[in-house]
Amino acid sequence: MTITTIETKMEKPLFGTVRVKRGFARMQKGGVIMDVTNVEQAQIAEDAGAIAVMVLDKLPADVRAAGGVARMCDPKRIQEVMDHVTIPVMAKCRIGHYMEAKILEVLGIDMIDESEVLTPADDAHHIDKWEFTVPFVNGCRDLGEALRRIAEGASMLRTKGEAGTGNVAEAVKHIKLVMGKIRELKGLSEEQLLDMAKEYRVPIDLVKETARLGRLPVVNFAAGGIATPADAALMMHLGADGVFVGSGIFKSKDPAKRAESIVIATTYWDDPKIVLEASKMISEENSMIGIDIKTLKPEQMMQVRGV
Amino acid sequence: MKTLRIGVLALQGDVSEHIDITNTTLREMGLEGEAVIVKEKDRLDEIHGLIIPGGESTTIGRIAERYGMISKIKNAAFAGMPIFGTCSGLILMAKKVRDAKIGEMNQPTLGLLDVEVIRNAFGRQRESFEISLKIPKIGKNPFPGVFIRAPAIASILSKDVEVLASYEDKIVAVQQNNLIGIAFHPELTDDTRLHEFFIEMILKSPFKDRISKANS
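Residue numbers (the numbering used here), protein chains in the order written: chain W, 780 to 1086; chain V, 40 to 255.
If you are wondering where the hints come from, they were derived from the structure by calculation, not from laboratory data. Please note that a few of the clues may not be correct.
Claimed, not checked - Reference excerpt, derived from the structure (chain W facing chain V, CB under 7 Å, subset only):
1) Leu793
2) Gly802
3) Phe803
4) Arg805
5) Gly810
6) Ile830
7) Pro854
8) Gln858
9) Leu886
10) Gly887
11) Thr898
12) Gln971
13) Val1086
Unchecked claim - Derived BS3-like pairs: lysine-lysine, alpha-carbon spacing no greater than 30 Å straight-line:
14) W:Lys791 to V:Lys209
15) V:Lys176 to W:Lys881
16) W:Lys1030 to V:Lys111
17) W:Lys987 to W:Lys952
18) V:Lys80 to W:Lys1059
19) W:Lys1076 to W:Lys952
20) V:Lys209 to W:Lys1036
21) V:Lys80 to W:Lys1036
These numbers come from a predicted model, not from an experiment. Ideal Cβ placement from N, Cα and C applies to all residues, glycine included.
Given the sequences, and given the hints that come with them, work out the whole structure.
Structure (structure tokens):
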């Protein structure tokens, strides 16, 4: 995954380059990004070994329960978290909400999640992310969505799963779809790759690059429904570069231990003995109560937002 | 000569980037060898040198401490193992760590380099940047410095520490005997000169022969 750029002589510092933005995402690899709603939770996350925190107004499970319009978190609350932890701080803006993103950039957030967990501000378009100095992470359910978001300037991706459910099934489906389609690309001819670019509505060079690398050209985490160390290790096993845990930690009854156990399982996902050890740190009785996806009405599905 | 094995600490961070550039550098130098992932402490007995990648120093430090790697890496360093830390690697190697905003840090570190490091010394992600650096030890051509929420070296605590590079008023690369610590990310570029510098150091190190003998 070497980023090749023209090595010109840089007399003055260059900010917000593709290398600096995608590079930030690379530093997150193998780690856990945790959803938090306040300073106290952010400090628990940092102490447990989170690589970054995502500040929200409400955890996805509460967004789901509350209904109504979910918007960007109050900037004052985000600022408080920024003032109290040393790890990167991320925040969500609504899909297509250019102005929320600009506010977060000026605030100095380290990465913006243009997220389907919030109510979309634009049903047809995502934000043009190239002009921003701050990097973006976007959700995807399949390779087409992933490549479209990269083409719009996303520096990192996460498979969507179904946020706030504590059910890993959709996350599994989405990472398998993305990884499977990438494997298929490898065997295609130039002509077929061109067909894929047309089908996905993305530049052919992006399709070719993905085929050549055998992976997405940006870091891809898993998200949406991860609630236990075993869930996290499973997503790593399926090819995720790291995991986002939303409601899974602070909707459980043992957040500090759970956060730590998920960090350990994400690092040592390929050693079942250590995943077992991590699983023993917590109790299933304390896990968040999950939702069977089949009981959700179509309008309750967050993953269909922003394709 | 025996096959060179260069470990990359793989608890979190941009591990594959370091594996790739190290393998490329070995090939360019015409050396037989490979970069290997180090996740368990026993793997530390099988390598001739260690790279600590970029990532989050608090995350890497905590896992390393939990699995007994801190003391093991320390012992290897005292025995002369060459160690190369980039960004969070530099933070983990430093004797003293402070955060630009939060202040004194109480995070697990190796405490090997006689320097005081300031975390997030240049600011947050939007202040991350690329700049040409002068690193006389590796040649006249400028080196592409990629700084991502980078630390900097605020002060040097011993005369054994040699400054390799500075940017404006900040020290961003140092060497102390068998240890190299830098604030930026050569593994995100195509420039292999710093990895070559590290591998040269391994080749000259007496530590290499001891390990080879132990494993033969």
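Checked hints:
no., hint, result
1, Leu793, "holds, 5 Å"
2, Gly802, "holds, 5 Å"
3, Phe803, "holds, 5 Å"
4, Arg805, "holds, 4 Å"
5, Gly810, "holds, 5 Å"
6, Ile830, "holds, 4 Å"
7, Pro854, "violated, 15 Å"
8, Gln858, "violated, 12 Å"
9, Leu886, "violated, 10 Å"
10, Gly887, "holds, 5 Å"
11, Thr898, "violated, 26 Å"
12, Gln971, "violated, 28 Å"
13, Val1086, "violated, 28 Å"
14, W:Lys791 to V:Lys209, "holds, 15 Å"
15, V:Lys176 to W:Lys881, "violated, 42 Å"
16, W:Lys1030 to V:Lys111, "violated, 37 Å"
17, W:Lys987 to W:Lys952, "holds, 24 Å"
18, V:Lys80 to W:Lys1059, "holds, 22 Å"
19, W:Lys1076 to W:Lys952, "holds, 19 Å"
20, V:Lys209 to W:Lys1036, "violated, 39 Å"
21, V:Lys80 to W:Lys1036, "holds, 24 Å"
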